Amino acid sequence: MATHTRYYTLRKDDLNSFIVKLSRDHKVVAPVSKGYGNFAFAEVTSSNDIVLKYIPTILPPKKYFFPQRETILTFSTGRGENAEAILEHEDTVIFGVHTCDLNGIQCLNIVFSERPRDYNYLGRKDKITIIGLECSEYCDKDASCNLMNSNFPNGGYDLFFTDLGDAFMVHVNTQAGEDLVENANLFKPASPEQMAALYSLRDAKRALFKNEVAVDRKDIPAIFDKSENSAVWQKAGEKCVGCGNCTNVCPTCYCFDIADTMNLDLKSGRRVRSWDSCQVEPFARVAGGENFRSGQAERLRHRYYRKFRYSLGKYYRFFCTGCGRCTRACMAGIRLKETLAELVKEAL
Amino acid sequence: MTKPKIAFFDLSCCEGCQLQLANMGELLLDVLELVDVVEFREVMSEKWEGNFDVALVEGSVTDDHSEERLKAIRGRSKVLVAFGACAATGGVNGMKNSFDLEEIGKYVYGADHKSFPTRKTRPLHQVVKVDYTINNCPAYIPELVEVLKHILKGLPYAVPDYPVCVECKFNENVCMYERGAACMGPVTRAGCGSQCINNNNICYGCRGMVSNPRENAARDIMAKYNITPELIAKKMEMYNKCREEEKNVKKEHHH
Ligand code: SF4
Ligand code: SF4
Ligand code: SF4
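Line by line, the protein sequences give chains A and B.
By the working numbering, the letter at position 25 of the first sequence is numbered 25, and the numbering carries on one by one without gaps.
Count along the second sequence from 1, then add 348; that gives the number in the working numbering.
Hints listed in this document are in silico derivations from the structure and should not be mistaken for laboratory results.
Mixed in with the good hints, there may be bad ones.
Which residues of chain B face chain A? A few of them, derived with a C-beta cut under 8 angstroms, are [as the list claims (entries may be wrong)]:
(1) PHE447
(2) LEU449
(3) GLY453
(4) VAL522
(5) TYR525
(6) ASN560
List of simulated lysine-lysine pairs, BS3-like, C-alpha gap at most 27 angstroms [as the list claims (entries may be wrong)]:
(7) A:LYS141 x B:LYS351
(8) B:LYS353 x A:LYS267
(9) B:LYS468 x A:LYS235
(10) B:LYS351 x A:LYS267
(11) B:LYS572 x A:LYS34
(12) A:LYS337 x B:LYS572
Quick list of simulated restraints, FRET-style, between CB atoms [as the list claims (entries may be wrong)]:
(13) B:GLY541 x A:ASP126: 54 to 64 angstroms
(14) B:LEU503 x A:SER274: 13 to 23 angstroms
(15) B:LEU382 x A:VAL286: 31 to 41 angstroms
(16) A:SER136 x B:GLY541: 37 to 47 angstroms
(17) A:GLU43 x B:GLU592: 26 to 36 angstroms
Quick caveat, the model's predicted, so the values are computed rather than measured.
All residues carry an ideal CB built from backbone N, CA and C; glycine is no exception.
Only chain A is shown next, with the shape it has when bound in the complex (with noise of 0.2 angstroms):
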């Protein structure tokens, strides 16, 4: 596939043109709001519905690519092996996604390729389209998207927006997002004005987006070294309740719990996978009733190695994404940015 580094613009006044258009022949999906100042992705047929300035929704994108359940096997319990795997993929397009949420999914594009490769999340990968959204200010104070260097556009879309006021400034990507362009029949290519607005919008960005967390974050792997027996660990995990929300939320976590149901007729049945957190009881419980990590304080520390210090070693990236999620989900007042801050404080 030829890589396209082209630059359209939608007039703002044609993004509902563009929409119905999409919804034509795609599930389109975008941010709406949920009140109370929350936002979630869900299926749109105009642009009536879209929120663009919005903070990270309640779940992130990944619930396309791994929903929270899904069957993955159907079977029948008589004689013989009678199994058939479940692929169930729909054509999606999923507008307005921040560039932190980009940056989650490239993690999770990099887990779910690895062998055994996992069909299911790349079979809705291959059918999905994503329509990235800039931030060109903070969402809120709760996200850490410079420390984690996800507020740039780097890749992982297939169309990209920007918002310039009366119109987008979209880049395209890929041959998929190229044929979008094409079939609205609504994009223009931009003019050198157009372009030179773009890069003042950057140079605005990189002056007010700053270390959300006084660390470089290339010290972070070795701040973390440091801090397997940090008192901050135990302070949190008093006031931690368990609710597995943070890991819920997060677009880079991916683990899940798989178990089998029986139907009514008692002799067929499915399998299916669900999300799993390693913040409840049982995550880590085996059989026999051993907990491999059974205080509250192991459990939070884990979730935070997670994210800073483990994923350097496998994968090579931080899995924080710096979207704020896990911070504006926590009823207990958690909060990822002072965690970080007062593990420094002690490293230093």
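Dock chain B with the ligands against the given chain A, drawing on the hints supplied.
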């Protein structure tokens, strides 16, 4: 193959869980294909004199009479199911345990209270061996069906031991704490599909607590929302008072 003989009984309860069967609609017909209902006071007058393959008992044990009845049912049943919150965890009946029994007797029965001897509320497993548990107030139909399938297949059913928040987040609800309401989700066992929160209500904790609830953390959270310790205690106890007796009774019949 003969269909398993199944019977329904009620102790102290509102019979709402049995009513849930009627609310099953077409699913009920599928279930009735698989079983032979031999006793069910709420819908039929017949009584069965023999033994039961499966007895579903609703309600809690609140006096000596119901204790005797339960033991008799246990004696006649291969499989005994605690059906609904009152049977599974004591449910709202447990609130009685916060009061002096004499006092509460007077309050309810007045001068006649001596004719109605009462005891601390107990869920079934604090009195007899229970093979399956169907939580929730009232029983949640999808889980009821799931447990029945497990019984008929002879498989153990594990009630989820993670909190309601997990299902709540799967359903992408805006958290009640973000709406300024104190929710029991973080300490309550999942399995209900977070139906209350899906319908804009808080979780009251009707399914009982997870095996290792982080109660202090939960109290701290509620306190941040300006809820008085008394109200927090009430929220915690509304469905969970009978937990207190757990340690005292465990050994009696679990060997
Ligand atoms: S750890 Fe928190 S901030 Fe980082 S990606 Fe996960 S939810 Fe976002
Ligand atoms: S969201 Fe907060 S309270 Fe819940 S498990 Fe995560 S850190 Fe603990
Ligand atoms: S609304 Fe209740 S159940 Fe849902 S996440 Fe919040 S505390 Fe948990």
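Structure-based check of each hint:
A hinted interface residue such as B:PHE447 counts as satisfied when its beta carbon comes closer than 8 angstroms to some beta carbon of chain A; here the least separation is about 29 angstroms, so the hint is violated. The beta carbon of B:LEU449 comes no nearer than 34 angstroms to any beta carbon in chain A, farther than 8 angstroms, and the hint placing it at the interface is violated. For B:GLY453, the shortest C-beta to C-beta distance to chain A is roughly 38 angstroms, which exceeds 8 angstroms, and the interface hint is violated. With a cut of 8 angstroms, the hint placing B:VAL522 at the interface with chain A holds, because the nearest CB-to-CB distance is about 4 angstroms.
Because the smallest distance between the Cβ of B:TYR525 and any Cβ of chain A comes to about 4 angstroms, under 8 angstroms, the interface hint for this residue holds. Against a cut-off of 8 angstroms between C-beta atoms, the interface hint on B:ASN560 holds, since the closest Cβ of chain A lies about 5 angstroms away. Between A:LYS141 and B:LYS351 the CA atoms are separated by roughly 62 angstroms; this puts the pair beyond 27 angstroms, and the hint is violated. Of the supplied pair hints, the one linking B:LYS353 and A:LYS267 holds, its CA atoms being roughly 20 angstroms apart against a limit of 27 angstroms.
For the hint pairing B:LYS468 with A:LYS235, the CA-to-CA distance comes to about 38 angstroms; that exceeds 27 angstroms, so the pair is violated. In summary, the hint linking B:LYS351 to A:LYS267 is supported, as the alpha carbons are separated by about 15 angstroms, within the 27 angstroms threshold. Straight-line distance between C-alpha atoms of B:LYS572 and A:LYS34 comes to about 24 angstroms, which keeps the hinted pair within the 27 angstroms bound. Proposed proximity of A:LYS337 and B:LYS572 is supported: the alpha carbons are some 20 angstroms apart, at most 27 angstroms.
The supplied range of 54 to 64 angstroms is broken by B:GLY541 and A:ASP126, whose beta-carbon atoms lie about 31 angstroms from each other. Distance hint check: the CB atoms of B:LEU503 and A:SER274 are about 19 angstroms apart, consistent with the given range 13 to 23 angstroms. A hinted range of 31 to 41 angstroms holds for the C-beta pair B:LEU382 and A:VAL286, which are about 33 angstroms apart. The hinted range of 37 to 47 angstroms is satisfied by A:SER136 and B:GLY541, whose Cβ atoms lie roughly 39 angstroms apart.
Evaluation of the 26 to 36 angstroms hint for A:GLU43 and B:GLU592 yields a failure: the beta carbon distance comes to about 48 angstroms.
Of the numbered hints stated above, those contradicted by the structure are hints 1, 2, 3, 7, 9, 13 and 17, listed in ascending order.
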